[in-house]
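Based on the sequences and whatever the hints tell you, model everything.
One-letter residues, chain by chain:
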Amino acid sequence: MNSVEGLVTQIQGLSSTASDVLSLHNVLKQADDSLHAESTRLLPFLDQLDPSKHSLGYLYFLEACTAGPVTTESASSFVLIIARFISSCAAEQIRLAPDKFISVCKRLKDQVLFLEEPLRAVAPMLAAIRKLQSSTENLTTLHPEFLLLCLLAKCYKTGLSILEEDIFEVDQPRDLYLYCYYGGMICIGKKYFRKALELLHNVVTAPMSTINAIAVEAYKKYILVSLIHHGQLSTSLPKYASTVAQRNLKSFCQPYVELANSYTNGKIADLEAYVQANMEKFGSDNNLGLVKQVVSSIYKRNIQRLTQTYLTLSLQDIANTVQLNSPKEAEMHVLQMIQDGEIYATINQKDGMVRFLEDPEQYKTCEMIERVDSSIQRLMTLSKKLTVLDELMSSDPMYLGKVGRERQRFDFDDFDSVPQRFNI
Amino acid sequence: MASSSSSGLTFKLHPLVIVNISDHYTRVKSQTNPPPLTSTSATVNGVEHQQQAPRVYGCVIGVQRGRTVEIFNNFELLYDPSTHSLDRPFLEKKQELYKKVFPHFYILGWYSTGSDAQESDMHIHKALMDINESPLYVLLNPTINPAQKDLPVTIYESELHVIDGIPQLIFVRSSYTIETVEAERISVDHVAHLKPSDGGSAATQLAAHLTGIHSAIKMLNSRIRVLHHYLVGMQKGDIPCENSLLRQVSSLLRRLPAIESEKFQDDFLMEYNDTLLITYLAMFTNCSSTMNELVDKFNTAYDRHSRRGGRTAFI
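Taken in sequence, the protein lines are chains A and B.
Per the working numbering, the first sequence runs over residues 1 to 424.
Per the working numbering, the second sequence runs over residues 1 to 315.
Please keep in mind that the hints were generated in silico from the structure rather than gathered at the bench.
Hints may contain errors.
[To be verified] Computed from the model, here is a short list of chain A residues facing chain B with C-beta under 7 Å:
1. Y240
2. T243
3. Y363
4. K364
5. V372
6. L379
7. S383
8. L386
9. D390
10. D396
11. M398
12. Y399
13. K402
[Stated by the list, open to error] Not close to chain A: a few residues of chain B, all C-beta gaps over 10 Å, as computed:
14. L16
15. V19
16. N20
17. F90
18. I163
19. I178
20. H209
21. V232
22. K236
23. L253
24. N286
25. M291
26. K297
None of the values given here were measured: they were computed from a predicted structure.
The beta-carbon is built from N, C-alpha and C at its ideal position, and this holds for glycine as well.
So this is what it looks like as structure tokens:
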């Protein structure tokens, strides 16, 4: 009891300047075990501390308090306390103990999931991310937790705001996989298939030394989204994907690959038969909704293929070629596609003819100038970052060691022997 | 050292000689970098270390027809610092070789680098007098002076002057002209276009052109700003109103924009967009190639199961 009170007074005293906070940090690190031992009685002491001024001390106390198992009564009170702490804590102080902060936030997530009210933690988690990040390009462990909460609470828009930022630094690879996977799912929910494809692509091609379940699930969704968005699936992964992924992913996702094959053949009846046959497999992966979207997108794909062959076509012919039931349905599909901007056409309702047009964009407007200009600026910053990375990689000893080994034994020009390895 | 020679000879110098001397000097200078703590034999080629500015030596050859002396070519020579003379057997051997290729060329003199002719150079000059009774001394000043517009090359002759009652040989400066053969003209032109004389960052013709336009627009902008400032002052009443000036400004303003029509806007925007798109495409290609290299390096370094490429030894 005495030690805890002593600790409280120390926290209150040493929380004013940066150097004091550092010494306080050392004190707290040593006192951590004793705090954990007294975890059940720490709750009243929390009221003596102010979360905005004594953030570090409050954090240690809070982490010790919540270390125990989650029960219903404690859960709701803790949720309030943690949420209030996150919104008022000082960012510099908690950055001194990031793992404690992360574990507190994870406990928050567990508790709201226990209470089945994920919505309560969405805003606090977003604030926590902003306080923990060293810059907007940094990916923390809290990002995937936040996205998971958004998914469960179905507030996709807040999740999307985080997804807009480009990531350049990652703390843990598992964070990246989960972040991109959940991000992909959120984008699928909002039907932003292009961004979903990009995020899922990141998971599938991320460097990995062994295959992991997140990548397998992501690859399944990747196949489906690629079919919906592009109408085709590239058969091999790009060369920057790890060899582990290139060799093994397809074997884990066999039914999906065959679905892609029958999709590209273009026959709707075959596709539907295949889907029916493998319904349980798709259902067990929770991908049934996506598969249904794939089936409905095949009509769109076929109509788009028609634009490449015909200039004008009657609605009846469209219905026949695409195997729709009536010209009315064909008209609805075409109208929807024109509205979404997927094809350019005019429907003449008098004689039921559809005329396919070219892309009317003339690239003459000022808005186009601004778009291209901003893209160029983005590319310039990206190019600078890439050059820096390239230089770093060229001087990396692992790279230099392997490159030395692969060189030819004899130089063509002067038959001097080339050194086999670089002694660094 | 008198200022002008009285021998009445006209000298014609070919650019090849100048480029050769400068190349010799640059090579030697870059090979002695960093300055050797253990002086190695890398500096064998006639170098004398004088505060980081090595001197190089060599012979100039050419043709003398009547009163015209034309210096066509040159070759390097070894300098012996102990005897302060050039390596004689080497010179004779080189002379023989050059005679075989260019039978008309004679040794006309020698060259060196430095900022001014020195007393010790007279020894070398006198030593060469048995090959050519009046040798030339070509001096190249390697220090780069951006303000200087002329070539830093001087040709000295030796003349016998009576100074303090003692006849002495001294160096006198002579004037010369540059004579070029077609091949030399092309190569000099080529080099001159690649590197701008101000040593600025513009590396290519396109960049130089655009820099010119940029500086012109900048100047226009600053002058209009001055006018604007003046007009604002006039409006506020600080400066007395001058109607003639106002008329001039208004006529200037009416000159631009030169065309104002929809067709012009259309075409202008289209061309602007085209240029932007080309730049975008160029940036893309640049970025993709960097990315490609990075990916290759990453795969070589970190991917455990990648194929160990590596060609086998070529025998």
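Checked hints:
no., hint, verdict
1, Y240, "holds (4 Å)"
2, T243, "holds (5 Å)"
3, Y363, "holds (5 Å)"
4, K364, "holds (5 Å)"
5, V372, "holds (4 Å)"
6, L379, "holds (5 Å)"
7, S383, "holds (5 Å)"
8, L386, "holds (5 Å)"
9, D390, "holds (5 Å)"
10, D396, "holds (6 Å)"
11, M398, "holds (5 Å)"
12, Y399, "holds (4 Å)"
13, K402, "holds (5 Å)"
14, L16, "holds (28 Å)"
15, V19, "holds (26 Å)"
16, N20, "holds (26 Å)"
17, F90, "holds (27 Å)"
18, I163, "holds (57 Å)"
19, I178, "holds (38 Å)"
20, H209, "holds (20 Å)"
21, V232, "holds (30 Å)"
22, K236, "holds (35 Å)"
23, L253, "holds (24 Å)"
24, N286, "violated (6 Å)"
25, M291, "violated (6 Å)"
26, K297, "violated (5 Å)"
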